Amino acid sequence: MKHTLAVLVENHPGVLQRVSGLFARRGYNIISLVVSETEDSSISRMTIVVDGDERIIEQVTKQLNKLIDVIKVQDVTNEDTVDRQLLLVRVNADNPAKAEIAQLMDIFRARIVDIGRKSVIVEATGDEEKIEAIIRSLQPFGIQEIVKTGICSMVRGPK
Amino acid sequence: MLGAELLLKCLEEQGVDLVFGLPGGAVLPLYDVLRKSKIKHILTKHEQGAVHAADGYARATGKVGVCFSTSGPGATNLVTGLATARMDSSPVIAITGQAASPFLGKDSFQEADMIGLSLPVTKHSYQIRDAHDIPSIVAEAFFIATQGRPGPVLIDIPKDVFTQKVTEIKKPVIRKSLLVKFKKPQMDMKLANMAVEVLKKAKRPLILAGGGVNQVAGASELLQEFAQKNEIPVVQTLMGKGIFPAKHPLFLGMVGMHGTFKANWAVQNCDCLLAIGVRFDDRVTGSVEDFAPLAKVIHVDIDPSEHNKNRVADIPLVADCKDFLKFISEKLWASKGNKEWLRQIGLQSDLPKIDAGRSLEPEGVMELVNSLLDEDTIVVTDVGQHQMWAALYVHPSKPRSFITSGGLGTMGFGLPAAIGAQMAYPEKRVILITGDGSLQMNLQEFAVVKQWNLPIKILLINNGSLGMVRQWQELFFQKNYAESILEVGPDWIKLAEAYGIKAKTFDGFKELEDALGSTFNDREPCFLDIKVNPMANVFPMVPAGCSLDQIWGSWKNEAHASSIG
Numbered sequence: 001m002k003h004t005l006a007v008l009v010e011n012h013p014g015v016l017q018r019v020s021g022l023f024a025r026r027g028y029n030i031i032s033l034v035v036s037e038t039e040d041s042s043i044s045r046m047t048i049v050v051d052g053d054e055r056i057i058e059q060v061t062k063q064l065n066k067l068i069d070v071i072k073v074q075d076v077t078n079e080d081t082v083d084r085q086l087l088l089v090r091v092n093a094d095n096p097a098k099a100e101i102a103q104l105m106d107i108f109r110a111r112i113v114d115i116g117r118k119s120v121i122v123e124a125t126g127d128e129e130k131i132e133a134i135i136r137s138l139q140p141f142g143i144q145e146i147v148k149t150g151i152c153s154m155v156r157g158p159k
Numbered sequence: 160m161l162g163a164e165l166l167l168k169c170l171e172e173q174g175v176d177l178v179f180g181l182p183g184g185a186v187l188p189l190y191d192v193l194r195k196s197k198i199k200h201i202l203t204k205h206e207q208g209a210v211h212a213a214d215g216y217a218r219a220t221g222k223v224g225v226c227f228s229t230s231g232p233g234a235t236n237l238v239t240g241l242a243t244a245r246m247d248s249s250p251v252i253a254i255t256g257q258a259a260s261p262f263l264g265k266d267s268f269q270e271a272d273m274i275g276l277s278l279p280v281t282k283h284s285y286q287i288r289d290a291h292d293i294p295s296i297v298a299e300a301f302f303i304a305t306q307g308r309p310g311p312v313l314i315d316i317p318k319d320v321f322t323q324k325v326t327e328i329k330k331p332v333i334r335k336s337l338l339v340k341f342k343k344p345q346m347d348m349k350l351a352n353m354a355v356e357v358l359k360k361a362k363r364p365l366i367l368a369g370g371g372v373n374q375v376a377g378a379s380e381l382l383q384e385f386a387q388k389n390e391i392p393v394v395q396t397l398m399g400k401g402i403f404p405a406k407h408p409l410f411l412g413m414v415g416m417h418g419t420f421k422a423n424w425a426v427q428n429c430d431c432l433l434a435i436g437v438r439f440d441d442r443v444t445g446s447v448e449d450f451a452p453l454a455k456v457i458h459v460d461i462d463p464s465e466h467n468k469n470r471v472a473d474i475p476l477v478a479d480c481k482d483f484l485k486f487i488s489e490k491l492w493a494s495k496g497n498k499e500w501l502r503q504i505g506l507q508s509d510l511p512k513i514d515a516g517r518s519l520e521p522e523g524v525m526e527l528v529n530s531l532l533d534e535d536t537i538v539v540t541d542v543g544q545h546q547m548w549a550a551l552y553v554h555p556s557k558p559r560s561f562i563t564s565g566g567l568g569t570m571g572f573g574l575p576a577a578i579g580a581q582m583a584y585p586e587k588r589v590i591l592i593t594g595d596g597s598l599q600m601n602l603q604e605f606a607v608v609k610q611w612n613l614p615i616k617i618l619l620i621n622n623g624s625l626g627m628v629r630q631w632q633e634l635f636f637q638k639n640y641a642e643s644i645l646e647v648g649p650d651w652i653k654l655a656e657a658y659g660i661k662a663k664t665f666d667g668f669k670e671l672e673d674a675l676g677s678t679f680n681d682r683e684p685c686f687l688d689i690k691v692n693p694m695a696n697v698f699p700m701v702p703a704g705c706s707l708d709q710i711w712g713s714w715k716n717e718a719h720a721s722s723i724g
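Read top to bottom, the protein sequences are chains A and B.
Residue 25 in the numbering used here is what sits at position 25 of the first sequence, and the numbering runs on without skipping anything.
The numbering used here runs 159 ahead of the 1-based position in the second sequence.
Because the hints were derived from the structure by calculation, they are not lab data.
Just so you know, these numbers come straight off a predicted model, no measurement behind them.
It is possible that part of the hints are untrue.
[Said to hold, decoys possible] Subject to a maximum C-alpha distance of 27 angstroms in a straight line, what follows is the list of computed DSS-like cross-link-like pairs (lysine-lysine): (1) 62(A) x 340(B); (2) 72(A) x 349(B); (3) 481(B) x 66(A); (4) 661(B) x 587(B); (5) 340(B) x 66(A); (6) 468(B) x 342(B); (7) 62(A) x 481(B); (8) 222(B) x 362(B); (9) 661(B) x 72(A); (10) 342(B) x 62(A); (11) 587(B) x 66(A); (12) 72(A) x 343(B); (13) 342(B) x 66(A); (14) 222(B) x 66(A); (15) 587(B) x 2(A); (16) 62(A) x 587(B); (17) 72(A) x 335(B); (18) 62(A) x 349(B); (19) 335(B) x 66(A); (20) 66(A) x 343(B).
So here's chain A without its partners, still in its complex pose (with noise of 0.2 angstroms):
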């Protein structure tokens, strides 16, 4: 199963090496990662998403914890989260197409930012599910190319 785990690091060179060279060597599966500077510029917060049954991410969790670098560790999965990925696709689009794919691209409120002579290249934002629905709805006019980001996510605040 995935899992969504919200890792604070310190903000210093080598840190990701060391988180990715734990995932290599204990042989855990990452999905997706994602890292930056937070509100706070001597810490970063790397979102990562991990494969793999309970007793896994119990490891991967515990192991995470163990890094000198690593200041907090939360598995998000259950949470209520806010989860974002950004797409780019470019897709073949002669004129007539061009209309159809900026027509389409409304209902997901993406959009298109490049205009080549065959193909236009379409920004989105969303959630998985979301960016999955866009792919397949590109798929008929012949996607040249994508380009994803990982997943960021933010739990939501108290209601």
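Chain B: place on chain A using the hints.
Showing chain B alone in chain A's frame:
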């Protein structure tokens, strides 16, 4: 003040009075100011010797062992030693020189990426980029090496940082997140009370004690008291040697691949296994699915990642083992005897008494060594058959007095580790039990033994082969002794004498018996070449991957063995 001087000052403030090392280009500025400090430097002849010696020192004392090396090959030579220390949770700090900052990342002369190389083999590693950070980094390194589960830390220092002028000496600061991370764990009282209930109900309880108990001063006494008051038998891992008196009737010996019949039987038949400071290594459990199949497992360890890693625990307790033992000693008092359980264990075979005989059987040699141990003897071993014979038959009576590379199984560990232990305790008797395969991996350190006149007794269990490899080939590879026979060995006597160490060969038991007592009592280094039966095998044995029930007392079932191999 220069960076190098500040580093030495910080080391002194941490209580370091002894380091092991070997100079080279990148650390020249450090060595240049070394004589101005109070720190004594032991020049080993190879960096691997330096790191194992620091490790031996750390294991014998519980204090941090420190080693220095230069950049590049000097630093990479430490890697085996760091991995050895990490596997056995030994607090070692390695300080490596590095190419000067402007040359970093350019494949400069003697540049090696020590941060990258050290990641999987250390608890943490630092590269100092500014000499002003030295106080805090040294303080953190010592803190990390010793707190929680101990382990090695590497500090990599570019040459120009050693020569950097320090304008302001900052007070050392340990990051708050580290203080939180290594805060002594509060025992989960609900789980702790559950453990008490499970132990109370148990009809066949057993204690499995490991290296973690050896790490905590005073824990072994508590464990002994607890086990004796409640009549609970005790088995131990290789790293747990020295925590329980071997002659006590509750002591069943080592468990695992070369465990005793009683210990392995007790594990497989207990209904409650109180495992303290162990990590359920495959050499301990055999087939982990079949390990202690009837037992509720209470697993006490300070490192939460050890819980459910190899063996799922019914009650995983994150605690300092001493806290736990104190707690449980107050809660549990012998309300019922375990007489029937102890009687059943008593029915299992003892280790065979094997006389040394004419062919000089290694078990008999070990019994002889064991009979000559005093309270303060530290036994150091290398890795292989002799290590297992020593584990089975040689029983020092105190914690931290059986020093061996358990987890990594590093051949060549013994001689330098013995040097470290003897340097830590000049008055104690240090016995190195080694093999002719292992000793040839670091024998350059004979020079250190001679130079400092360390009265180490080097017992070479000489069987002319890589004995454990040969044993496995005999048992599991149809006696195909591929590359395990050391056809050309050195003339050991000439070799030892070339270093100025007294040496003698023994091929009969009587002479050995006559010589050993007096040799053990003189205050000089001594090398004993003991030519044992070259075909001797270590038994009992549980073949790799088998359940501990499948224990062989001797070599009988060839067809079966080959199918396992």
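Evaluated hints:
1. 62(A) x 340(B): 12 angstroms, holds
2. 72(A) x 349(B): Measuring from Cα to Cα gives roughly 25 angstroms; hence the hint holds.
3. 481(B) x 66(A): At roughly 22 angstroms apart (the allowed maximum being 27 angstroms), residue 66(A) and residue 481(B) satisfy the hint.
4. 661(B) x 587(B): Distance of about 19 angstroms is within 27 angstroms: holds.
5. 340(B) x 66(A): 8 angstroms, holds
6. 468(B) x 342(B): Answer holds: residue 468(B) to residue 342(B) is near 22 angstroms, not above 27 angstroms.
7. 62(A) x 481(B): Answer holds: residue 62(A) to residue 481(B) is near 22 angstroms, not above 27 angstroms.
8. 222(B) x 362(B): 40 angstroms, violated
9. 661(B) x 72(A): Given that 27 angstroms is the threshold and the Cα spacing comes to 57 angstroms, the pair is violated.
10. 342(B) x 62(A): It holds: about 16 angstroms lies between the C-alpha atoms, which stays within 27 angstroms.
11. 587(B) x 66(A): Violated, because 36 angstroms separates the two Cα atoms, which is more than 27 angstroms.
12. 72(A) x 343(B): 17 angstroms, holds
13. 342(B) x 66(A): 13 angstroms, holds
14. 222(B) x 66(A): Holds, because 21 angstroms separates the two Cα atoms, which is no more than 27 angstroms.
15. 587(B) x 2(A): 56 angstroms, violated
16. 62(A) x 587(B): 40 angstroms, violated
17. 72(A) x 335(B): Within the cut-off at roughly 13 angstroms; holds.
18. 62(A) x 349(B): 21 angstroms, holds
19. 335(B) x 66(A): Between residue 335(B) and residue 66(A) the Cα gap is close to 15 angstroms, so the pair holds against 27 angstroms.
20. 66(A) x 343(B): 14 angstroms, holds
Against the hints set out earlier in the document, violations occur for numbers 8, 9, 11, 15, 16.
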